[in-house]
Every structure is written in structure tokens, then in C-alpha cells.
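Enquirer: Sequence:
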Amino acid sequence: MIRRLTEGRQGGRREGRRGGLTRRLPEAWRQPLAIVGGVVAFAWIVIALAAPLVAPHDPLAQELPRLAPPGPGHWFGTDQLGRDILSRVLYGARVSIPLTLLLVALSVLIGGLLGACAGYFGRWVDETIMRLADLVFAFPTIILAMVVAAALGASLGNAVLAVLVVAWPAYARVTRGLVLGIREREFVMSGRLLGFSAWRSLRVDVLPNVTGPVLVLATLDIGTALLLLSGLSFLGLGAKPPSPEWGAMVASGVDVFDSWWVATFPGLAILTVVLAFNFLGDTLRDALDPRTARAIKERAI
844 MIRRLTEGRQ GGRREGRRGG LTRRLPEAWR QPLAIVGGVV AFAWIVIALA APLVAPHDPL
904 AQELPRLAPP GPGHWFGTDQ LGRDILSRVL YGARVSIPLT LLLVALSVLI GGLLGACAGY
964 FGRWVDETIM RLADLVFAFP TIILAMVVAA ALGASLGNAV LAVLVVAWPA YARVTRGLVL
1024 GIREREFVMS GRLLGFSAWR SLRVDVLPNV TGPVLVLATL DIGTALLLLS GLSFLGLGAK
1084 PPSPEWGAMV ASGVDVFDSW WVATFPGLAI LTVVLAFNFL GDTLRDALDP RTARAIKERA
1144 I
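Its first residue numbered 844, the sequence shown is counted upward by one per residue in our numbering.
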């Protein structure tokens, strides 16, 4: 009996520790879509880092039968040059995901800084930056990205620059609106009365209060940036052969449409990454919005 009581206490402690760890997470992050998005995004990041260790073949080696369907030895099949599609999809994560994250980070940095300056200083600074943003918004996003990429020359670096040109105005506009609502608040005005310079006030008082919404937008925008980058590669304005980039791999499958696996698996890779970061963006928005977080908590109870 003593042994049973001891085991029961130990089991209760273990369950209590697990429950304590779970309770430390906000309710929004315990939702099924949040868990799925986090797991899938983490898995793809690990794959991008460990692709040389997990890929069964060299992604550039043309050593397998051409257009072989999925089967043992090449689980995703092979393409028209005899390259293993699974290996190319895994290595493609090392190209598409880091470039997409870099692209979004640069868009946040450039757009957020310009939008903050426009909202805080106003006058001619606001007019100049916002009219430039309106000029970019006047063109369809993909069309303008295609024009910029074609003008610079078809390459993966130029495709990233082209998407950056069309992506920063959204962050500038959102940041400007947030700064306009904060710059007249009491804590900002008191800092200025204490002698804070405009740049210090902007850095210390204003920017920390607009970080949350901009971070949500950035997380949601990762999927859009990946689709734009892959779309440019699909159109021949991004990655060039033999680079294992997902958009270019989908484009190569158009020529052999009967061999469905050539384009399907890179397309599924794009789909899973986009959905994962969209789920994370929705969850982050719910977690940072007090009213939504309160509603989720009441529903869970």
C-alpha cells in the first residue's frame, strides 16, 4: 500500500509539472492551429539547417532514372534530368526559407523606420514618404515585382530586391498609423518636456509600443513573401538552374505535366510553409490582442 501511495504521489507530481508547464503558455498558443503551425515551421527550419545530413542524394547529381515515379530509393520520384526530388526539396528549404525571412526582416526594418519617421515628424517628411508609398501601391504587386526583377536581371538576389521594393510600403503605412496614435500620449509628451531629443523619444517611447502589431504583420507576411519569391522563380525571373529552389522546381514540372510528382512535392512544400506561418501570425495576433485573448480564455474555461 505504501508503494502504491508513493507511486501515486510521484505520478501526481509529474502530471502537476506537465500541467504547470502547459498553464504557463497563453491560451492562444494552446489552440490546435497554433500547435500545428509551430511544429511545421520548426520542422522546416530544422530541415533547412540539417538538409546535408538528411538528404538521401546530392540534389545536383544526375545519377537516377529519369522521371521515375515515387518509390523505394527515391520517395518523391525523380525529375527529367534524373535528380532526386526529395533531396532537392530538402535543399530548397535552405534557399527559400532563409531568403524569405531575410526579405521580411528588411521590409520591417526599412518600412518600419520610414513609417515611424513619417508619423512622428509629419509635415514634408510624412508627405514625401507616404507619396512614395502610394506610388508603389498604385501598381499590382506581382506586376511591379516582375518589372523590377526584369530590369535588374534574372537572378535570385535581384528577385529578393524586387519583392523588397513592393513589400516595404505596407509596413510604412501601418507603422505611421500607429505612431500617429501614440506621439500625442502623455508619456511621450512628458519625455519631450524632460529634454529628450526627437530620435530618443522615437526610439525609447514610441517604437516599443508599435512593435507588437508590426510583428504580427511580419509573421503573416512571411507566406506572402515566399509566394512572391517563388512566383518570380516560376516565371524565370528568380533562381536559375540547377539551383534547387521551390518555385523553379514547380516551373520545371510544367514541361512534364504527366509526371505529376515533379511539381507536386515542391508545391506542397510551399503550401505547408505558408500555412504554418499564417497559423502562427493568427495566433500571435490573438495573443497580443487583449479582447481576443480574453475571449479565447473564457471559451477554454
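No lab work stands behind these hints: they were computed from the structure.
Idealized CB from N, CA, C, for every residue including glycine.
Heads up, some of the hints might be wrong.
As the list claims (entries may be wrong) - Derived CB-CB ranges, DEER-like:
(1) Val879 <-> Phe980: 26 to 36 angstroms
(2) Pro912 <-> Leu1118: 21 to 31 angstroms
(3) Glu906 <-> Asp1101: 40 to 50 angstroms
(4) Pro983 <-> Ala904: 19 to 29 angstroms
(5) Phe885 <-> Pro983: 48 to 58 angstroms
(6) Gly996 <-> Leu903: 18 to 28 angstroms
(7) Asp1101 <-> Asp901: 36 to 46 angstroms
(8) Gly996 <-> Leu1023: 32 to 42 angstroms
(9) Arg1046 <-> Thr971: 18 to 28 angstroms
(10) Ala904 <-> Gly1110: 19 to 29 angstroms
(11) Val889 <-> Glu1027: 43 to 53 angstroms
Enquirer: Does each hint fit the structure? Answer for all of them.
Expert: Here is how each hint holds up against the structure:
Checked against the hint of 26 to 36 angstroms, the pair Val879 and Phe980 passes, with Cβ atoms roughly 33 angstroms apart. At about 26 angstroms, the CB distance of Pro912 to Leu1118 agrees with the hint of 21 to 31 angstroms. Range check, Glu906 to Asp1101: about 23 angstroms between beta-carbon atoms, so the 40 to 50 angstroms window is missed. A beta carbon spacing of about 40 angstroms between Pro983 and Ala904 contradicts the range 19 to 29 angstroms that was offered as a hint.
Evaluation of the 48 to 58 angstroms hint for Phe885 and Pro983 yields a failure: the beta carbon distance comes to about 34 angstroms. Distance hint check for Gly996 and Leu903: the Cβ-Cβ separation is about 23 angstroms, which falls inside the suggested range of 18 to 28 angstroms. At about 26 angstroms, the beta-carbon gap between Asp1101 and Asp901 misses the expected band of 36 to 46 angstroms. At roughly 39 angstroms, the beta-carbon separation of Gly996 and Leu1023 lies within the given 32 to 42 angstroms, and the hint holds.
Distance hint check for Arg1046 and Thr971: the Cβ-Cβ separation is about 21 angstroms, which falls inside the suggested range of 18 to 28 angstroms. Ala904 and Gly1110 have their C-beta atoms about 23 angstroms apart, which keeps the hinted 19 to 29 angstroms range intact. Our hint of 43 to 53 angstroms for Val889 and Glu1027 holds, since their Cβ atoms are close to 46 angstroms apart.
Hint violations for this structure: numbers 3, 4, 5 and 7, all remaining hints satisfied.
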